[in-house]
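Residue numbers (our numbering), protein chains in the order written: chain A, 1 to 175; chain B, 1 to 177; chain C, 1 to 107.
Some hints could be false.
Only pairs whose alpha carbons sit at most 35 Å apart, straight line, appear in this in silico DSBU-like list of lysine-lysine [unchecked claim]:
id : chain 1 : residue 1 : chain 2 : residue 2
1  : B       : K65       : C       : K103
2  : A       : K153      : B       : K64
3  : A       : K153      : C       : K103
4  : B       : K23       : B       : K65
5  : A       : K21       : B       : K65
6  : C       : K9        : A       : K153
7  : B       : K140      : B       : K32
8  : B       : K110      : A       : K153
9  : B       : K99       : B       : K23
10 : C       : K15       : B       : K81
11 : C       : K27       : A       : K21
12 : B       : K110      : A       : K166
13 : B       : K140      : B       : K64
14 : C       : K103      : A       : K21
Keep in mind that the hints were calculated from the coordinates and are not lab data.
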Amino acid sequence: MTATVLEPSAQAALDFAGLMKQHQAMVFSVAYHYLHDREVAREVAQEVFLGLHRNLAAIQSPAHAGFWLRKVAVQRSIDEGRRRLRRPQVPLEDVAEPAVEAAPGDPLLGETLRKLIATLAEAPRMVMILRYQEDLDPMEISEVLEIPLATVKSHLQRSLALLREKLARRGLGER
Amino acid sequence: MKLARALTLAAAASAVLFAQQFKFNLDHLAAKASDTVDVSLSGPLLQLGARFLDSHDPDEAKVKKMIAGIEGIYVRHFEFKQEGAWTAGDLEGVRSQLKAPDWQRIVGWKSAEDGETAEVYLRLEGSKMTGVAILAAQPKAFTVVNIAGPVDLDALSQLGGHFGVPKVKPDTPKQKK
Amino acid sequence: MDWLEQELKSALARKEPPPEFAEGVAKALDGVLPDAASGPRRNLVAWPSRTARRWLAAAAAILLMVGGGAGYRWHQGVEAKRQVMLAFHIAGGRLNHLRTHLKEVSQ
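Here chain A stands alone, though its shape is the one from the complex (with noise of 0.2 Å):
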């Protein structure tokens, strides 16, 4: 682990709004695919960019930026989801898909994981969310989420078995 102290001038280089627009799109999306629900996944996301604001004075580095929005939009994502203490609250048919690029494989597919990811439990919802949208590896995501590697490793094994079986059972999967 290394420590980075910025010169002075590159201090002033911690720019609030090219930090926000470099890592909007991480901190929304760790917050819509974990709660599912596009507003208020913006509304968690701004409060994110809030308390980064706030606290920019402690942030060491980009690097570091970009570490700490990744935490606190992991904390405050699953902060929003206990307090409203219930899965979706729309039918997920209804939910409005935010506007993506043309992705490869089969958006249909695609489209279900979503959902699907959405009705896992706290824990493994975020592990699948820290390994496929930010490509984490099982250890920096224990360390994110502060839980064992074991329990981060079974998460990931037990949470693919579950959509394998779950794509199987609706006719979708590997072609």
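We have chain A; now place chains B and C onto it with these hints.
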């Protein structure tokens, strides 16, 4: 400033304790906790809460079904900024009340490496379950639960994720590979 | 990575927030009320801090508790329901945690 999230409904506090099946003796931990959950619900308030549960929501429907046979639910959950806030004595203070013949420990797990322990006890009258106690401790969290009455443990375990709220510190990140 | 993991990467690809997102943050930083036309969820006041929200909720709960009538009873029921769900959620979470560890040990 500590953020104590005290959720006990004061109006009902004096009426509920009779259904609680053992004493928690954990008030001293609240003073050290950064976050506290304190729920004591029984009798009319529990039934009132049950009536407001939405049968169309999968989680609430599960809870509604579980509440049907129980007399009360009592939870103390503490989260701490530092390790070392709770002691083995705190665990023993609860355990010492959960002994035969009234209580039977059905499962326990301990990890010396992670500093975690978790135990589940059933209160039995003959072959009939009349209560559940859950005792769980992690380095920065301590939880005791008492459910007075029979409860479906499988259904209960399906309700919860199982990590605490992650704490956010502006730590210097590991360099991503 | 197998086919499912590839599909998951695709399905969980990052998405940009709505176009008015940055403007909403800027307005909040200026202490200006968020845009009321931003969607079905409307914040009618500037966001108070998390601490203030909790105290407001507690104050509201106390005011409701000292009130009377059907309105009070309704709010009491809503609060009781919230506590019920929280209590079961915590209990279920601890059980689930224990179950996961026991499964790891048995594998």
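> Honestly, which of those hints from before does the structure not fit?
Replying inline: Hints 5, 14 contradicted; others consistent.
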